[in-house]
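Visitor: Spelled out from the first residue to the last, the chains are:
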Amino acid sequence: MSRLTVPKTYKLFIGGKFPRSESGRTYEVATADGRFLANAAQASRKDARDAVVAARAAVAGWAGATAYNRGQVLYRVAEVLDGRRAQFVDEIAAAEGVTAAVAGRQVDEAVDAWVWYAGWADKFAQVAGAGNPVAGPFFNISVPEPTGVVAIVAPQGGASLAGLVAVVAPALVAGNAVVVVADEAHPLSAVSLAEVLATSDVPGGVVNVLTGSPAEIAPWLAAHSDVNALDLAGAGKLDWVDLEIAAAETLTRVLRPEPGVPERSLDRILAFTETKTVWHTKSLL
Amino acid sequence: MTIDTPALAPVERAVRVLGGDLTERGLRQHLEGLSGVDAVGLEQRAASLATRSIKTSSKAWALDRIIELIDLTTLEGADTPGKVRSLVAKALVPDATDPSTPRVAAVCVYGDMVPVAVDALGGAHGDPDDGLVSVAAVATAFPSGRASLAVKLADTRDAVAAGADEIDMVIDRGAFLSGRLGKVFEEIAAVKEACRREDGTSASLKVILETGELASYDNIRRASWLAILAGGDFIKTSTGKVSPAATLPVTLLMLEAVRDWHRLTGEHVGVKPAGGIRSSKDAVRYLVTVAETVGEQWLQPHLFRFGASSLLNDVLMQRQKLRSGHYSGPDYVTID
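Residue numbers (my numbering), protein chains in the order written: chain H, 44 to 328; chain X, 174 to 509.
Be a bit skeptical, because a hint or two may be false.
[As the list claims (entries may be wrong)] Counterexamples of contact, computed for chain X against chain H with all Cβ distances above 12 Å:
# : residue
1 : 256
2 : 350
3 : 389
[To be verified] So the derived list for chain X, only partly shown, Cβ under 7 Å to chain H, looks like this:
# : residue
4 : 499
5 : 500
6 : 502
7 : 505
[Stated by the list, open to error] With a straight-line Cα cutoff of 30 Å, these simulated DSSO-like cross-link-like pairs (lysine-lysine) come out:
#  : chain 1 : residue 1 : chain 2 : residue 2
8  : H       : 280       : H       : 89
9  : X       : 228       : X       : 454
10 : H       : 60        : X       : 356
11 : X       : 414       : X       : 356
12 : X       : 494       : H       : 89
13 : X       : 494       : X       : 256
14 : X       : 494       : H       : 280
15 : X       : 356       : H       : 51
16 : H       : 54        : X       : 454
17 : H       : 325       : H       : 166
18 : X       : 256       : H       : 60
19 : H       : 89        : X       : 454
20 : X       : 356       : X       : 256
21 : X       : 494       : X       : 228
22 : X       : 232       : X       : 494
23 : H       : 89        : H       : 54
24 : X       : 228       : H       : 54
25 : H       : 60        : X       : 494
26 : X       : 454       : X       : 414
27 : X       : 228       : H       : 60
28 : X       : 454       : X       : 494
29 : H       : 89        : X       : 356
30 : X       : 494       : H       : 54
31 : H       : 166       : H       : 319
32 : H       : 89        : H       : 51
33 : X       : 256       : H       : 89
34 : X       : 454       : X       : 256
35 : H       : 54        : H       : 280
36 : X       : 454       : X       : 232
37 : H       : 89        : H       : 60
In case anyone wonders, no lab produced these hints; they're calculated from the structure.
Glycine included, every Cβ here is placed at the ideal spot set by N, Cα and C.
Let the sequences and hints guide you as you build the complete structure.
Guide: Structure representation (C-alpha cells):
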C-alpha cells in the first residue's frame with residue numbers, strides 16, 4: 044500500500060482549503076473489523092457555519108458559469124477520480140470491509156454518476172424550462188435557476204463514496220453550492236473525494252465537506268437562515284421531522300430521507316432549482 | 174546639516190509639554206526621543222489579546238456596545254443623496270426586526286453630503302451619549318491630503334458650517350515621511366482652529382494617521398504623539414482607502430500613546446480604528462484591547478469608535494443568532 048507508516052489525519056474541506064475542525068476535535072475511524080484506520084476531523088457547528096459562508100460566496104461564480112462549462116468541470120471530476128481509482132478502492136475496502144472487487148464497482152459507480160450528471164448540465168434546462176403560451180404579444184419563458192446553498196446529509200453506513208456522489212453531483216449540476224456532512228462511520232473516501240474536487244477545477248467553496256456527527260451538525264444547518272435547501276438523504280436514522288420543521292422556519296426547501304444510495308435521476312437535479320418566468324415583448328416596433 | 178527652528182503655532186497641549194518657546198526643533202527632539210517600539214512584543218501582545226474567550230452574556234453586551242461605537246461610513250465617489258439618506262435610516266434603525274437594537278454613534282460622509290445627512294437625521298441629530306446620532310465629515314482633501322492648506326481649511330469650515338459634529342482630517346503623510354514634522358503639526362493645529370463654530374463651541378477633530386503608509390511602528394508612535402500634541406480629539410488609524418488599514422497591533426500602539434498621554438496630563442483622547450474590521454469577532458478583539466490597555470472607561474462613543482460599514486451587518490447577524498438560536502444570513506439584513 045503506502046510507504047508512509049504514520050496514519051493520515053483527514054481534515055475538513057471548506058472554501059477550497061483543508062482546515063482542521065475549529066473545535067480541534069478528531070475522532071477515530073475504524074475498519075469494519077474494529078481496527079484503527081485513521082483520525083478524522085469532527086466538525087462543530089462553527090465549521091458548519093464557516094462552510095455555509097464559503098458556499099454562499101461561491102454560489103455567484105458557479106451559478107454564473109455557463110452550463111457547458113459546469114458540465115466540463117463535473118466531467119473533469121470524473122476523470123481525476125478515475126485516475127485515483129486505486130487509492131479509493133484501498134480506502135473503501137479497508138473501511139467498509141468489502142472485497143476489492145466490490146469496492147471497485149463502487150468507485151466505478153461514482154465515476155459513472157459524475158459523467159451522467161455532467162452530461163445533464165447543459166441539457167436539464169431544455170427539459171425543465173418552457174416557452175409558455177400566453178394571450179398577448181409576449182414571449183413567456185420559464186427557466187430553472189439554482190436554489191443557492193444546499194446542505195446535504197450524505198447516505199450513512201453504506202456505500203460511502205457512491206452515496207456521497209449520488210447526492211452531491213446532482214445538486215452541483217444547476218449551479219448550487221453544497222455543504223455536505225459525510226458518512227460518519229466511513230468519512231475517509233469523502234475527504235479523498237474532496238482532494239479530487241480541489242484538483243479538478245471546481246471553484247473553492249462550491250463543495251464543502253464536513254466529517255463528524257450528522258446528529259450534531261444537521262440541526263444547525265437545517266435552522267441556518269442562509270441555507271436555501273436541505274437534502275436529508277442520509278438522515279433517516281436522525282430525528283428528521285424536527286430537522287424539517289427547523290428548515291421550514293427559514294423557508295428552506297427540503298428533500299426527505301431516502302434509504303440506500305439514491306438512484307441517478309433528473310428529479311434530484313430539479314429538486315434544487317427554482318423556476319424563473321420572464322415576459323418579453325415580441326417586438327419593440 | 175542645520176535643523177530649521179521656526180516657531181510653531183502655540184497649541185496649548187504642546188506648550189504645556191514642550192515648554193513656552195515652541196519650535197520645530199523642540200517638537201522633533203521630543204518625538205524622536207520617544208522610545209522605539211518593540212515590534213515583536215507588540216504583535217505578540219496583540220495576538221494574545223485576540224485569544225480571549227468571550228462568554229455568551231458578555232458577547233451580547235459586546236455586540237450592542239460595538240453598534241453604539243460605530244461610525245457608519247460611506248465614502249465613495251459614487252455616493253448620492255439617496256445613498257446617504259439610506260445610510261442615515263440604517264443608523265437610526267439598524268435592524269427593523271428588533272427595536273431593541275441600539276443606534277450607531279455617527280454617520281461618516283464626505284463634506285458635501287453633510288447637509289443631506291443632517292436633514293435626514295432631523296431631530297435625531299445630536300450627541301451619541303443622549304441616544305442621538307452625530308454627523309462626521311471627512312475633510313482636508315481626504316483621502317490623500319494633497320492640497321494646499323487654504324483648500325484644506327475651506328473644506329473643513331464648509332463641513333462645520335453645514336452642521337458636522339466631527340471632522341475626520343488626514344495628515345500630510347508626504348510631509349511626515351520627509352521629516353517636515355512642523356508642517357504636519359501646523360496643519361493639524363490650523364484645522365483644529367477651523368473646527369470652531371461661531372458660538373464658540375468646536376467640532377471634534379479626528380486625526381487620520383493612515384498607518385498603512387507610515388512604514389514603521391516607530392513612525393506610528395511619533396505620529397500619534399504629534400497628533401495629540403497638535404490638539405487632536407481622536408487619533409484614527411486609516412482612511413480605509415489604503416491597505417493595510419486598521420490592524421490590532423497598530424490600534425494597540427495608538428491606545429498606548431493615548432494611555433501615556435492620559436497618565437501625563439489626565440486628558441482623554443479617543444482612538445478610532447477604521448477600515449478592514451468586518452466581523453464581530455474582530456471587533457470584539459478591539460474591545461478587549463481597549464479595555465485592557467486604557468480601561469473600560471474608554472468604551473464610550475466620545476473615546477472609541479469603529480470606522481466601518483460592513484461590520485454593522487455582521488454584528489446584526491450575530492445579534493439575530495443570539496436572539497433566535499440559529500445562524501442568520503445576509504438576506505436578513507439590509508444591503509448597503
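Visitor: Each hint: holds or not?
Guide: Hints, one by one, checked against the model:
1. 256: 23 Å, holds
2. 350: 37 Å, holds
3. 389: 32 Å, holds
4. 499: Residue 499/X check passes; min Cβ-Cβ to chain H is 3 Å, inside 7 Å.
5. 500: 4 Å, holds
6. 502: 3 Å, holds
7. 505: It holds, given that the least Cβ distance between residue 505/X and chain H is near 6 Å, below 7 Å.
8. 280/H <-> 89/H: Satisfied, since the Cα-Cα distance of roughly 23 Å is no more than 30 Å.
9. 228/X <-> 454/X: Judged against 30 Å, a Cα distance of about 12 Å means the pair holds.
10. 60/H <-> 356/X: 49 Å, violated
11. 414/X <-> 356/X: Distance ~23 Å between residue 414/X and residue 356/X Cα, so the pair holds.
12. 494/X <-> 89/H: 12 Å, holds
13. 494/X <-> 256/X: 28 Å, holds
14. 494/X <-> 280/H: Cα-Cα ~28 Å, so holds.
15. 356/X <-> 51/H: 62 Å, violated
16. 54/H <-> 454/X: 24 Å, holds
17. 325/H <-> 166/H: 25 Å, holds
18. 256/X <-> 60/H: Distance ~37 Å between residue 256/X and residue 60/H Cα, so the pair is violated.
19. 89/H <-> 454/X: 13 Å, holds
20. 356/X <-> 256/X: 36 Å, violated
21. 494/X <-> 228/X: Distance of about 14 Å is within 30 Å: holds.
22. 232/X <-> 494/X: 12 Å, holds
23. 89/H <-> 54/H: 15 Å, holds
24. 228/X <-> 54/H: 28 Å, holds
25. 60/H <-> 494/X: 26 Å, holds
26. 454/X <-> 414/X: 22 Å, holds
27. 228/X <-> 60/H: Holds, because 29 Å separates the two Cα atoms, which is no more than 30 Å.
28. 454/X <-> 494/X: This hinted pair holds, its Cα atoms lying about 14 Å apart.
29. 89/H <-> 356/X: The hint is violated at about 51 Å.
30. 494/X <-> 54/H: 27 Å, holds
31. 166/H <-> 319/H: Satisfied, since the Cα-Cα distance of roughly 17 Å is no more than 30 Å.
32. 89/H <-> 51/H: Within the cut-off at roughly 24 Å; holds.
33. 256/X <-> 89/H: 34 Å, violated
34. 454/X <-> 256/X: 27 Å, holds
35. 54/H <-> 280/H: Holds: residue 54/H and residue 280/H sit about 25 Å apart, inside 30 Å.
36. 454/X <-> 232/X: 10 Å, holds
37. 89/H <-> 60/H: Holds, at roughly 16 Å.
When each numbered hint is compared with the structure, violations occur for hints 10, 15, 18, 20, 29 and 33.
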